[in-house]
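Residue numbers (our numbering), protein chains in the order written: chain G, 1 to 168; chain P, 1001 to 1359; chain H, 2001 to 2132.
Treat the hints with caution; some may be incorrect.
[Stated by the list, open to error] Footprint (simulated), chain H over chain G, 3 or more residues, beta carbon under 8 Å: (1) 48-58; (2) 91-97.
[To be verified] Over the 10 Å line for every Cβ pair with chain H, so calculated as not near, a few chain G residues: (3) M27; (4) L73; (5) R102; (6) F119; (7) V129.
What the hints contain is simulated information worked out from the structure, not anything from laboratory work. Small disclaimer: the values here were computed from a predicted structure and weren't measured. Built from N, CA and C at the ideal position, the CB exists for glycine as well.
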Amino acid sequence: MNARHIQTTIEDHQVAKLAAFAIALHMIEAVIPSPLPGVKPGIANIITLFVLYQYGFATAAWVSILRVFASNLLLGQFLSPTFALSLGGASLSLGILWLAMRLPKHYFGPVSLSILAAFGHIAGQLIIVRLWLIPHAGISYLIPIFATAALFFGLINGLITARLITSK
Amino acid sequence: MRKLILFAAVLAVIGFGILQFKKKEPLYHSQSYVFGTLVDISIYGESNERARVVTNLILQDFQQLHHRFHAWETDASGNTSELRKLNEAFAKGTSPIEVQADLANIIRDATALSVKSHGLFNPAIGHLIGTWGFQRDEFSAVEINQATIKNLVHAAPRMTDIVLNERNVYSKNPHVKLDLGGYAKGYALDLALQRLRKEKINHALVNIGGNIIALGQHGQKPWRVGIQHPRAPTALATVDLPSGWAIGTSGDYQRYFIQNHQRYCHIIDPRTGYPVQHTQSVTVLIPPQSVHQTQAGVLSDVATKPIFIASAENKYQMANVFGIEYLMVIDEKSNISVSKKMAKILYWQQPDVQFSTFE
Amino acid sequence: MCNFLRLNNPLTRYLRLGDYLLILMSIIGILWLFNNLWSNEQAAKVQIRQGETIVGTYGLNQTREIQVKGPIGTNTISISNGRARFSKSPCRNQYCIHQGWLNRAGQAAICLPNQISLELIGGTKPYDSLTY
């Protein structure tokens, strides 16, 4: 069978570069110790958001899911609980973004999307923990802490994204 | 500018939120070991400082009462208690001694209650209780001395043997020994209620060794009291205690020893001289009483004893004597029977509790 | 791209009216969560679970260590002075150890890799006082 030559565009290359960047950010974050599991800056989300603004939702979803699979494979956590948490968080976060991008652009900028995505992320992770990993665990105690972290990092990441978009 | 105002509003909300978060339920709770038992006081709706001050006043009252009316201890300064002096005088003969007005009133009231109960409530059988070893803080199984018990029952000490002339007291029967164990906790409850009212506290719950009196309520809800399961370390049921009401339980599981597979509890039938073995527990709920009657606290403490001692067929008649409408009895086979009125207000803590009701 | 460290006054520059409202609503929401999910109540017991099963419920008024086996090894849980914590764990990231002592009802610590959880239980009695 002949190897078919795949036509790639400049855009493809850019998206690939951004995905690689997202994977790198994800892995850097994975080795930084966190005071509480689940509380992370989520800087890779900046890339997701940036791609969403530049290339649309489908590409952003690709980059996000690719990042989850690739970085977990590279970290040797594929199909582990950590992977499930990553995937759950990323999926719900994307779902929320898909809805949030419909908000009027005039009033809601990248910061809103970033905060909502961050809430989606922790909600997705908490749902996975509750439903699948440890069905009985009393994690409700941690929800306010996760939510505070999501708001804070969502705001910071949103501001960075806004800066990236306008500087382009 | 508009954004600046918005930002200020955000900060204001954060501040407000933090204040909200810091606001705790205004419930003060203290537990202490006075009166030879656990005293548990909850005060709602007062500052912590105020609640602590009032709690200490109540505890001081209890401490004083304990020293004066304790049957087998000497007080802090090594003096024998008022009650012990009285008992020594009773044993010596018929020369009267003078007692404090409140002790005279207690004797008068306890005598009336004893007569009402046909002698089943009998605080004069201190010697009998002593023989069974229950007049010690740390008691253990005793050698049951049948002859001694027989003699003590035969001596028939009764409250009516005590002659009270104003504050001068003597006993016609030298075998009378007052033990206020079944009266003093209830008396202390009534005293606590008086103290709370005097200190303008509106909401409190006082528990002295299982006897409880309520004042006001716990925030929006009434005070809720659990009733101990006689054979399990949980509450069998809970009940809402309205303001001024008292609840008391007598059980065979608090002070007892087991010998040859027989349970000997601290509730002694004065007719036989032996601990009651046909009942596990009796709980009564007492509404506020009018001023010149026996108060709710005392009644909640006293009334459970004759009901506990009375045989199954006489229990409800005994409850009627004391005008008790809210009653729960658990017999030696763990059968639960509940008065109709009581059944309506109990919340069972297990889903399928079997019980029978009576009028 | 490297000049995003020079953000001057980013709040007024990048935030729109809706963003402010969203932040405001989020803060209110979070405070509501704190109010409702955080109790200040001292816990009385700790419940330990491994996977689907309750390993046991232990009073906090004792000092003891409890060993619990999971898929990757044995965790040690310490109880002392009304508190409980993970004190030894075979897991790689040791998150469960870092959670430290728990002492309030509703608090929980989880060792995900070994599927062991601690949950502190009140305190919350269905009644204010007990007649006995």
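Outcome of the hint check:
1. 48-58: violated (count 0)
2. 91-97: With 0 residues close enough to chain H, the hint is violated.
3. M27: Holds: least Cβ distance 14 Å, greater than 10 Å.
4. L73: holds (17 Å)
5. R102: holds (12 Å)
6. F119: violated (8 Å)
7. V129: violated (8 Å)
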